[in-house]
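Chemist: Next come the chains, spelled out residue by residue.
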Amino acid sequence: MSRIVVQNRTFGVLRWVVIVILLIATVFPFYYMIELSFVPIEELLLHPDRLWIPIQDFTLDTYANVLKSVDDGGQGFGHFMLNSAIVAVATAAITLLVAIPGSYAVARLKFFGQRQVSTLFLAVYLFPVIIIAIPLFVGFSAIGIRESLVGLVIVYIAQTIPVSVHMLRGYLKSIPVSVEEAAMMDGASRFRILTRITIPLAMPSIMSTALYVFMIAWNEFLFALLFLTANRDLWTVSLGLSQLSNGIEVSKTVLMAGSVLLTIPIIVLYGLAERTLTEGLTSGADKG
Amino acid sequence: MTQLANRATAAPSGGRRRRSISNRRDNRAGLTMVLPTTIIIFAIIIVPVIWNLILAFQDTSFTSIAENGLANPFTLQNFADVLTDPGFWQSLGTTVVYSVFSTAGSIAVGLIAALAFRKPFRGRGVARSLMLLPYVAPVVAVTFVWQIMLNPQFGIINSLGTQFLGWEHGIDFLGKAPFALMTVIGFEIWRYFPFAFLFLTARLVSLPGDVEEAALVDGVTPWQNFRHVVFPQLLPVISLLSVLRLIMTFNKFDDVFLLTGGGAGTEVSAVRVYDQLVGSFDIGGAAANAFVLSAILAVSLFIYVKFFARRGEED
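Residue numbers (the UniProt record's numbering), protein chains in the order written: chain E, 1 to 288; chain R, 1 to 315.
Hints are computed from structural coordinates only; laboratory data are not their basis. In this text, a Cβ means the ideal position worked out from N, Cα and C, and glycines have one as well. Hints may contain errors.
[Unchecked claim] Computed spacing ranges between beta-carbons, pair by pair:
1) Phe307/R with Gln116/E: 18 to 28 Å
2) Val179/E with Leu83/R: 39 to 49 Å
3) Pro36/R with Leu46/E: 19 to 29 Å
4) Ile39/R with Thr229/E: 41 to 51 Å
5) Phe307/R with Pro40/E: 40 to 50 Å
6) Asp57/E with Val299/R: 52 to 62 Å
7) Lys110/E with Gly123/R: 42 to 52 Å
8) Leu46/E with Thr84/R: 19 to 29 Å
9) Val299/R with Ser69/E: 45 to 55 Å
10) Pro40/E with Leu216/R: 28 to 38 Å
11) Leu76/R with Val268/E: 45 to 55 Å
12) Thr195/E with Ile21/R: 19 to 29 Å
13) Phe191/E with Val299/R: 39 to 49 Å
With the sequences and hints as input, model every part of the structure.
Modeler: Dropping the structure here:
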């Protein structure tokens with residue numbers, strides 16, 4: 001009896017301690033990133049442990065500097081963001097275009113080799129990325145698309161398709177077959193059923209998949225580093241930030257502004273679709 | 001009599017034919033619909049994996065590939081070099097330590113978080129989405145903030161540590177041998193515990209409540225309830241998470257590369273392969289190294305599926 005009371009009390013208190021610690025641990029780096037992005041570098045060096053900014057030290061020069069083009073004496077992040085946006089949007093659009101019919105087929109239709117195809121998609125998800133990096137580096141150099149955003153998009157599509165099929169398949173399976181059968185009675189073709197009935201019904205899942213793919217493409221680093229390092233005009237935000245932070249020419253607080261700019265689109269999209277995204281992720285991987 | 005028998009067999013065969021027509025149509029539609037996905041996966045993943053295997057058996061450099069394509073002479077030299085290089089074994093050891101501790105840590109923290117967030121409280125939804133930030137945020141941005149926070153000269157952690165915790169000097173968290181590996185493991189736990197949290201929360205929500213209620217009515221303590229009622233039901237998700245995270249962390253490149261560049265005892269295998277490829281242009285060596293890694297992974301996965309996965313299902 002008393003043991004229950006004691007444990008109930010301890011766990012009751014521990015629970016709040018855990019919640020507070022975890023929240024500080026997850027949120028603080030982001031807060032610190034934002035804070036440092038608004039001060040000149042001298043302020044960081046003078047007061048490294050300051051947790052807020054006095055109003056007279058507040059500056060927006062860091063953002064102006066990081067966004068301005070190189071010709072205007074800035075770091076050109078505006079251009080990097082455009083590159084990242086092009087790559088991420090193209091990847092998300094093409095991946096969906098290919099993955100929706102693919103996942104529909106795997107979820108609904110009986111066809112020759114269905115099991116093998118399903119297993120293949122899953123197995124590919126587990127391949128070490130570094131193993132495909134070497135041949136792709138060599139092959140893309142040979143056909144001349146290594147130093148281009150197109151090459152990057154192709155790699156990202158291949159990397160995100162297995163996850164997308166996985167996420168979509170789980171959702172498509174949960175749509176009752178009877179809805180489609182009614183349309184089939186009226187003589188609609190599979191393609192028509194897919195575009196007119198299934199896709200509209202699956203919209204929440206499609207949106208969350210699109211968002212997930214966008215996030216992967218926007219955040220990706222290895223292939224951008226392998227393919228595009230030599231050509232500054234093609235740098236994505238991730239690559240630009242890592243390249244510039246290796247040098248000493250650009251001040252750390254200016255690069256913090258760059259980090260914030262890299263992170264904001266992700267936070268905004270995540271905030272818009274957090275619920276469907278987390279549902280899509282867990283349902284997708286659970287059924288594997 | 002024969003007519004009746006004929007009619008009796010004719011009816012189902014007509015139905016079968018109709019069904020087989022629709023089956024055939026489904027077959028064709030299915031194949032058409034998976035074709036683009038399959039082509040992309042073959043061209044960008046399967047073919048490169050096979051090509052990697054070929055490269056691993058050749059003494060290749062960028063010039064020899066440009067001249068001869070795939071027609072370079074075959075050799076086992078790359079594998080001999082990889083397997084006799086102490087650096088390979090060292091990086092393999094580092095990778096194992098890194099992936100095991102990161103996986104175990106992130107799942108443990110994720111589990112604690114999921115349990116702490118189990119009972120509703122005001123603001124739980126917001127708090128939960130905030131906790132997922134490290135997982136969704138761009139890796140370059142978060143590694144950069146960690147570098148700044150841990151900087152020995154102007155990092156806030158060292159500044160607070162010397163002021164309040166009595167550290168004599170700032171600690172070079174990312175540049176000195178035992179600390180660097182601990183820090184990258186800590187980073188990995190920080191970044192991926194939300195992933196475990198997400199999955200464990202989803203499972204907790206769908207647990208049937210009656211067993212637990214019965215146990216609590218019977219006067220079970222909260223710890224006993226967790227240990228004997230809740231935890232066993234989470235085991236399948238935990239084992240799935242362990243496998244997924246182990247595979248992902250074993251291949252991890254960007255987190256370590258961005259934090260330490262592979263220095264100070266943090267050279268995990270993926271970073272080593274990258275250095276071989278970009279640093280010394282040793283394509284054959286890098287390919288052989290990558291191949292050995294995949295083989296290790298494939299064998300472990302095979303053993304897991306063969307001996308452990310089935311037992312998990314029966315539970």
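Chemist: Each of the hints needs a verdict: does it hold here or not?
Modeler: Here is how each hint holds up against the structure:
Take Phe307/R and Gln116/E: their Cβ atoms lie about 24 Å apart, and the range 18 to 28 Å holds. A beta carbon spacing of about 57 Å between Val179/E and Leu83/R contradicts the range 39 to 49 Å that was offered as a hint. Checked against the given bound of 19 to 29 Å, the beta carbons of Pro36/R and Leu46/E, roughly 57 Å apart, lie outside it. About 29 Å separates the C-beta atoms of Ile39/R and Thr229/E, a value inconsistent with the hinted range of 41 to 51 Å.
Remark: the range hint 40 to 50 Å for Phe307/R to Pro40/E is contradicted by a beta-carbon distance near 60 Å. For Asp57/E and Val299/R, the hinted distance range of 52 to 62 Å is satisfied, since their beta carbons lie about 57 Å from each other. Range check, Lys110/E to Gly123/R: about 48 Å between beta-carbon atoms, so the 42 to 52 Å window is met. The beta-carbon spacing between Leu46/E and Thr84/R, approximately 53 Å, falls outside the hinted interval of 19 to 29 Å.
For the pair Val299/R and Ser69/E, the beta carbons lie near 51 Å from each other, so the given range of 45 to 55 Å is met. Between Pro40/E and Leu216/R the Cβ separation comes to about 58 Å, which falls outside the hinted range of 28 to 38 Å. For Leu76/R and Val268/E, the Cβ-Cβ distance of about 53 Å falls inside the hinted range of 45 to 55 Å, so the restraint holds. Here the CB-CB span from Thr195/E to Ile21/R is close to 23 Å, well matched to the stated 19 to 29 Å.
Phe191/E and Val299/R have their C-beta atoms about 43 Å apart, which keeps the hinted 39 to 49 Å range intact.
Of the numbered hints listed earlier, those contradicted by the structure are 2, 3, 4, 5, 8 and 10.
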